[in-house]
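Single-letter residue listing:
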Amino acid sequence: MSRWLSIRKDLTPGLHRRFGVLAFLIPLATWSLFSYVPWLWHPMVRVTDPAGVSWIKPGQILPREDFAKLVEKQAALAAPTPTGTPANPLYFPPPHAVGRALYTAFTTEPVLKGDKWLHQAIFASIRTIFWGFALACLVGVPLGVFCGASPAIARLTEPFVDFIRYMPAPAFGALMVAIFGIHVAPKISIIFIGVFFPLVLVVATTVRRADLSLVEAAQTLGAKPRALVFRVLVPASLPDLYNDLRLLLGSAWTYLIVAEVVGVSSGISFFINQQAKYRNFDNVYAAIVIIGAIGFGTDQALAWLGQRLFAWKNPRPSRLRRFFGRLTGAPGAARPADASRNAGEPVSTF
Amino acid sequence: MASPPESFAPIAEVLPDYRRQSPAVAARFAALHQRPVVLEIDGLGRQFAGEHGPVTALRDISLQIHRREFVCVIGPSGCGKSTFIRLLAGLDTPTSGRVLLDGKPVTGPGPDRGMVFQGYTLFPWLSVTRNVMFGLEMQGRARSEAEREALQWIDLVGLNKFAHAYPHQLSGGMKQRVAIARALAASPRILLMDEPFGALDAQTRAQMQAHLLEIWRNVDVTIFFITHDLDEAILLADRILVLKANPGEVQEIIEVPVPRPRRLDQVSSPEFLATRRRLDDLIHPKVHTHAAPERLPIVRLTQLGDDVE
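Here the protein sequences come in this chain order: A and B. For what it's worth, the numbering used here labels the leading residue of the first sequence as 1, then goes sequentially. For what it's worth, the numbering used here labels the leading residue of the second sequence as 1001, then goes sequentially.
Treat the hints with care, as some may be off.
Stated by the list, open to error - Estimated spans, in silico, between C-beta atoms of each pair: (1) A:P225 x B:R1260: 41 to 47 Å; (2) B:G1043 x A:P142: 40 to 46 Å; (3) A:P142 x B:Q1152: 49 to 55 Å.
Claimed, not checked - Distance condition first, Cα-Cα at most 25 Å in a straight line; then the derived SDA-like pairs of lysine to any residue: (4) A:K313 x B:K1161; (5) B:K1244 x B:G1043; (6) A:K313 x A:G292; (7) A:K224 x B:R1086.
Source of the hints: derived by calculation from the structure; they are not laboratory data. All values reported here derive from a predicted model rather than from experimental measurement. The C-beta atom is built at its ideal place from N, Cα and C for all residues, glycine as well.
Extracted from the complex, chain A is given alone in its bound form (with noise of 0.2 Å):
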């Protein structure tokens, strides 16, 4: 126990794996202890046989303060009773029912003619979020880098970004549809919106961050500004700028959203309003799950790559920085065996 509570010590691996999937099985467990077990919460009542009742059918679900009210009801009238299980309210569907709509969301028809499978909504959901995303980084990142790189360019562009920085993206979707129509423009501009300002400033703080004393030992080995810019300051700062993008990345799916109501309803939100005007919660489960998955898998993916890529600052093996120094032609290839942080010096002779 004192094992795992000491603080700012790290796991061992085998610890580390498994309180990984425990932060996922422990809400799954909790969210079936309140699905299945059932005198726990239950608010409701699902009626298996109505008893004659005229006004209520089976697997009808009303309140249980209801249903007990009309047993009272009709037992005082000496009519037989109707009978139900305790269920939970439709919009909490237990753990196998978002289960089988993760499969069934995908297989079954759009109830409407025109609307999108899911699989669509998806694929439209992810171009969406790929092209707002993109552009934020290409204006983005490389303004950043100047605003890092540079006081006066800093200067004279943070100030205006902050102070967008504040206004709610979303706030510019009335604008955004007047001037971009009503299809994919002004949702892909939401995005760019909510992305773009937070990232020059994060971007340009992160290069700001980068080792000055790197700055001044490639001055005096004769770098000039755009060397220093290049070949210092960005390839000093790219592991966190990458880790910066990831972030943010994430922040792009929170105004997805927003951005997919604004003028034509679309993509994976679309699919996510449109089952809940259906009640099928299930469905609505399945999509958010699925949104979490994407995001999740994403960063997951790209934390790999990034710890792979910028071995250097994470200091670990990696077959695939080998492979990327091979086709680069840059060494690193070859890593020589004996070079252990604590290699002895060889002996020198005076």
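Mind docking chain B on chain A? Use the hints.
For chain B alone, kept in the frame of chain A given last:
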């Protein structure tokens, strides 16, 4: 009643004057002063804005450094040693005076004044070879040519086995050798070294000193070396510039009388000890050695009789 410092007197009598030079050493200095001046420091001063008006970090420092001379700078902490070397490198601008390299004023950092920092400052994302190539590439050399030359420098500092290693795989001493190779590869007129061995353990430091002397002997380069280690200064330098603190001013410029080539066992030679004594007197003024050392106001927290010394 015993008179306190009497016991040191015989040694002091044996030690020669630190200014007395053997004919060979004197001839060497005479030849050295005939060489052209590489770096001229002329009335150099630097003030910083402080809370209560300007603070003078350095005042009126003048010195001429000749070609292939080895100059060390020592001084108590806070005497502006680092400010001094940063001014020479062009990483900071003086508030008075000027620095001339080969007669031309220094206006900013440049490859003609290579610098080795205490914190290594190797580019962690580049291999040893690419680090050493950096200066050559900045001069616009072709990659293959730069690589060939870099490998020669890596050879010179004895790291050819580690040419493809990354900085984080190297020990402190190795990193500093790469930093030296990297600075030398850009073919500087003068190599500025800011306490380069300060972070190394005693044994590695001694090895690095030997390496550095060896490199200096074989490479056409002038060395300006900052240290707080008195023995290191005597072992390495032709001349030692002693600074005093608040404000940083030249206290004395000592011509080291220890003959060359230098060896580690010279630390017990009379010339070495005499110089060492002089530096001690300059850096740690006498007041402290006579008066009883200041006591900490500590009460006994251990049991009676539980003594450690």
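For each hint, the structure was consulted:
{"no.": "1", "hint": "A:P225 x B:R1260: 41 to 47 Å", "result": "holds (42 Å)"}
{"no.": "2", "hint": "B:G1043 x A:P142: 40 to 46 Å", "result": "holds (44 Å)"}
{"no.": "3", "hint": "A:P142 x B:Q1152: 49 to 55 Å", "result": "violated (38 Å)"}
{"no.": "4", "hint": "A:K313 x B:K1161", "result": "holds (22 Å)"}
{"no.": "5", "hint": "B:K1244 x B:G1043", "result": "holds (16 Å)"}
{"no.": "6", "hint": "A:K313 x A:G292", "result": "violated (29 Å)"}
{"no.": "7", "hint": "A:K224 x B:R1086", "result": "holds (18 Å)"}
The structure fails hints 3, 6 (numbered hints given earlier, in ascending order).
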